[in-house]
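So the protein sequences, as listed, match chains A and B.
Residue 171 in our numbering sits at position 171 of the first sequence; the count goes up by one each step and never skips.
Residue 66 in our numbering sits at position 66 of the second sequence; the count goes up by one each step and never skips.
Hints are supplied without guarantee of correctness; some may be wrong.
Which copy? The list can't say, so a pair holds if one copy fits it or any two copies do.
Here are the computed lysine-lysine pairs in the DSS-like style, where the Cα-Cα straight-line distance is at most 27 Å [to be verified]: (1) K44 <-> K103; (2) K157 <-> K255; (3) K44 <-> K6.
Worth flagging that the hints you see were computed from the coordinates, not collected in a lab.
2 protein chains.
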Amino acid sequence: MAYRPKLTSASRPLTTEVEALNERGEALPTPIAGEHPLTLYVDKREIVTLMTLGQAPEALAIGYLRNQRLVRSIEEIAEVQVDWETDSVAIVTRKAIKGLTEKMKKRTVTTGCGQGTVFGDLMEEIESLRLRDDVRLTEDTLYGLLEAVRHRETIYKSAGAVHGCALADRAEILYFVEDVGRHNAVDAIAGQMWLDRVDGSDKIFYTTGRLTSEMVIKAAQMRIPFLVSRSGLTQMGYEIASKVGITMIGRAVNKHYLLFTGRHRFVRQIMPTMLA
Amino acid sequence: MAYRPKLTSASRPLTTEVEALNERGEALPTPIAGEHPLTLYVDKREIVTLMTLGQAPEALAIGYLRNQRLVRSIEEIAEVQVDWETDSVAIVTRKAIKGLTEKMKKRTVTTGCGQGTVFGDLMEEIESLRLRDDVRLTEDTLYGLLEAVRHRETIYKSAGAVHGCALADRAEILYFVEDVGRHNAVDAIAGQMWLDRVDGSDKIFYTTGRLTSEMVIKAAQMRIPFLVSRSGLTQMGYEIASKVGITMIGRAVNKHYLLFTGRHRFVRQIMPTMLA
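This is chain A alone, in the form it adopts within the complex:
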């Protein structure tokens, strides 16, 4: 059996209810999304405090370390212990991380908020990435995935204020994570993929959030060739997507979409009329 770190399983209640007055003066019980600080400690050293919905805190912690390049494989992690009494997660490595101080310093100056991205080094890494070119996404599969997303029960539907991310194998959703920070949702999926030894190279990454530089970088780092969003994109998201040749689709809702980059992996529906 594949190696697995020792983990807690400590998700939080995801919504809570408060009272609000609407424009008719009615007091309405209103569900709101959870938001909790979670401070990461690696081998007792404080790394960062994330504000999270708390749906998948162990996977989030692992994925954060993965996407920040603080650990290189799941085998480096011995334990991940979330404790909501102290709002903390203690990660124990099997062998102390080399150069943690140096890595932390680099992170400092490059973490922003547009923010939340680790830059510089990452761009170099991105340049050398190659995504698989022998995989295809058909329009039918895309529509099937959008349909699956639409039918999903979500925190967003009940309380709003969260972003959702999914990893899909064709139209089948493997993971669906929501969080108050969209970077957290991506990181949690990255962590879960490591835990389950899921290879991204033929998968689809779906997000309700915008396709910014960071989103494209993270998808590419996970070797995922297909990136689909309900929302729009930014200039740098577009430039990086063009550079790594990822197949990027925006404004994907119902039977509408905009295909921006990596067109060679996308197969449009052949219309029945064209066959006649």
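Since the structure of chain A is provided, determine the placement of chain B on it from the hints.
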């Protein structure tokens, strides 16, 4: 005349156009929002790289330093020079910032992405904040402001993928800033308020984004008693808003809204039928 630092005025073109294929196979010219790295240097020391739309980079840099508590007043800043050839902004202080290294270190461990918040110390500061209690927001004024926001020409309308923030004096919008990161939009407004010596204590802060802990903290730090959002809120946003007693209104669109906290400052419309 009030003191003003020496400033560049270097906004970027805010949208650019790329080609996308839609579901009918048509190639559409599609406007997308700019996103540019902007690295802040304070007295030649690298502080952070922000990903920004670039609408108000000087105000953003000043507001970032203000909201991170790295400078305490606009008088501490001598120059703010944005240079897009190097994607950088050089800030020169009039007197070196005391304990910058210490402050930077604190920032490291507490900056997350949910992220983008500075925590810990801030919460203590928040506890001691008092917002004005002798100011009122009427429903008419709220509707007037929402109307003003709706008629505004925005990047969001043309390209999406940005958040907008506004500072309003009753229904009149004083500033309206959009950015790829909503934290940047708030920071840019904080910077502009300092530059123009605008007091927040009777103003309304409007945002298209969600009311998370950080949003509430920043509004309260600027002493703004009214916080209005088109979107929803999170549990911690609610808890902090309750604690500081800010008047917080969510889901504010057209003639609908939900009043969550600080009800004593809000005056509902008296319906004509009630006067009859």
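Going down the list of hints, with the structure as the test:
In this assembly of identical chains, the alpha carbons of K44 and K103 lie at most 27 Å apart whether taken from the same copy (16 Å) or from different copies (21 Å). In the homo-oligomer, the alpha carbons of K157 and K255 lie at most 27 Å apart both inside one protomer (20 Å) and across protomers (21 Å), since each shortest distance falls under that limit. Only within a single protomer do K44 and K6 lie at most 27 Å apart by alpha-carbon distance; the minimum there is 16 Å, versus 45 Å between protomers.
Checked against the numbered hints given earlier, this structure breaks none of them.
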